[in-house]
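Produce the complete structure using the sequences and hints provided.
Chain order of the listed sequences is D and H.
Note that this note's numbering has the first sequence beginning at 1, numbered continuously upward.
Note that this note's numbering has the second sequence beginning at 1, numbered continuously upward.
In short, the hints are calculated from the structure, not lab data.
Note that this is a predicted model, so its numbers are computed, not measured.
Glycine residues also receive a C-beta, built at the ideal position from the N, C-alpha and C atoms.
Each hint should be verified, as a subset may be incorrect.
[Stated by the list, open to error] Derived CB-CB ranges, DEER-like: (1) H:His-34 / D:Ala-218: 48 to 58 Å; (2) D:Ser-83 / H:Glu-95: 16 to 26 Å; (3) D:Glu-200 / H:His-43: 30 to 40 Å.
Protein chains: 2
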Amino acid sequence: MALKLYGYWRSTASYRVRIALNLKQLDYEYIPVHLVDEGGQQHQLPYRTLNPARLVPTLVDDDEDLILHQSLSIIEFLDEKYSRGVALLPRHCLERARVRALAQDLACDVQPLGNLRVLQALKTDFAATPAQQHAWAAHWIERGFSALEQRLSTQSGKYCFDFDVTMADVCLVPQAYNARRFGIDMSRFPLISKIVDNCEQLPAFAQACPESQLDAPAC
Amino acid sequence: MALKLYGYWRSTASYRVRIALNLKQLDYEYIPVHLVDEGGQQHQLPYRTLNPARLVPTLVDDDEDLILHQSLSIIEFLDEKYSRGVALLPRHCLERARVRALAQDLACDVQPLGNLRVLQALKTDFAATPAQQHAWAAHWIERGFSALEQRLSTQSGKYCFDFDVTMADVCLVPQAYNARRFGIDMSRFPLISKIVDNCEQLPAFAQACPESQLDAPAC
Numbered sequence: 001m002a003l004k005l006y007g008y009w010r011s012t013a014s015y016r017v018r019i020a021l022n023l024k025q026l027d028y029e030y031i032p033v034h035l036v037d038e039g040g041q042q043h044q045l046p047y048r049t050l051n052p053a054r055l056v057p058t059l060v061d062d063d064e065d066l067i068l069h070q071s072l073s074i075i076e077f078l079d080e081k082y083s084r085g086v087a088l089l090p091r092h093c094l095e096r097a098r099v100r101a102l103a104q105d106l107a108c109d110v111q112p113l114g115n116l117r118v119l120q121a122l123k124t125d126f127a128a129t130p131a132q133q134h135a136w137a138a139h140w141i142e143r144g145f146s147a148l149e150q151r152l153s154t155q156s157g158k159y160c161f162d163f164d165v166t167m168a169d170v171c172l173v174p175q176a177y178n179a180r181r182f183g184i185d186m187s188r189f190p191l192i193s194k195i196v197d198n199c200e201q202l203p204a205f206a207q208a209c210p211e212s213q214l215d216a217p218a219c
Numbered sequence: 001m002a003l004k005l006y007g008y009w010r011s012t013a014s015y016r017v018r019i020a021l022n023l024k025q026l027d028y029e030y031i032p033v034h035l036v037d038e039g040g041q042q043h044q045l046p047y048r049t050l051n052p053a054r055l056v057p058t059l060v061d062d063d064e065d066l067i068l069h070q071s072l073s074i075i076e077f078l079d080e081k082y083s084r085g086v087a088l089l090p091r092h093c094l095e096r097a098r099v100r101a102l103a104q105d106l107a108c109d110v111q112p113l114g115n116l117r118v119l120q121a122l123k124t125d126f127a128a129t130p131a132q133q134h135a136w137a138a139h140w141i142e143r144g145f146s147a148l149e150q151r152l153s154t155q156s157g158k159y160c161f162d163f164d165v166t167m168a169d170v171c172l173v174p175q176a177y178n179a180r181r182f183g184i185d186m187s188r189f190p191l192i193s194k195i196v197d198n199c200e201q202l203p204a205f206a207q208a209c210p211e212s213q214l215d216a217p218a219c
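Dropping the structure here:
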């Protein structure tokens, strides 16, 4: 298969790219990189040669001789290269800007602050307890979701951007999954919750969920 | 003036947008939002109505009735709307993807971890001392720059992407400014240092530097 996705079942950024690949109706080989076992396979060869930042995901496209990192960059690349499936960015530059900004609200201002390496650093540097790590991650999700809920009140429809599924939804659903994991009370965010529900009814989102991946632990 | 940029002199993300506006040869009105004075003007009305995330920058384009946040989204919008000046993204989708990924390495994985609100939270939640705040910010910059230095060894030229100034350089120069502020030994990153030097010789970069802004403190 030409497309190979290196990812981890519970990684929010990997989850985004799985959704995008499904929405674009693209077949791909999924290659798990376990972020915890063996001290983290992302720190080992051969993965760190593919991605020196030692983060997931990485997309390899053998057709293009391409090794690409950063989930948002991967998603826009897939959208620009493949016209099939759902268009993940609107056609008008002003609308594209709004969708990118919503996606970046999550990918720049929420997800990086609560991911595994940051929680590990809080433990190492500040002896953070599991409860303190949990509260830290929850704080940034709640702060990000509060702002996003306000933004969505002026521009959302069935999905983040009107009635079209876009890259903003592709980022929102994994962040909501992560929020539930950290025990966030989602009833405080009714618009986000409604949009997430609408997305999760689509097979492209449902099939990308962490528990359905081959590297998810058995129940 | 149709374009208004709300920003802060030392904010890395505001600095990116100032560079982009200069490279696109666009006039704009700069409206300072002081992130420290009065408990942070970003938390107050009227700014928080413009940007509920209470972060800078925000671009207002009166021609389009547009209020846009997130620096990378703003930069791509300016590049797509205005053909004048420097093209900040390459034409080929594969090359665009590489430039976006480099920009996101900084905008997603470095800058958000060491910005003011995170350093303030470390103090509040973990009683971090100024030295610990400093070490935290420096750690993420060094980690991000180490990965970036490796990536640039296979794809850079005079600038991050070959011999063209792109959005990747627009993100790199402010991050290097921030790194120097945190005392990072830049001799460890010779490719990054060379590219930053090349960029800083261009008036569009030089004129955007924090110390030249109207809200910078007097020397």
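How the hints compare with the structure:
Against the hinted window of 48 to 58 Å, the Cβ-Cβ separation of H:His-34 and D:Ala-218 comes to about 54 Å, which satisfies the hint. Checked against the hint of 16 to 26 Å, the C-beta distance between D:Ser-83 and H:Glu-95 comes to roughly 19 Å, which is consistent with it. One distance hint, 30 to 40 Å for the beta-carbon pair D:Glu-200 and H:His-43, holds here, with the actual separation near 34 Å.
The structure meets every hint from the earlier list without exception.
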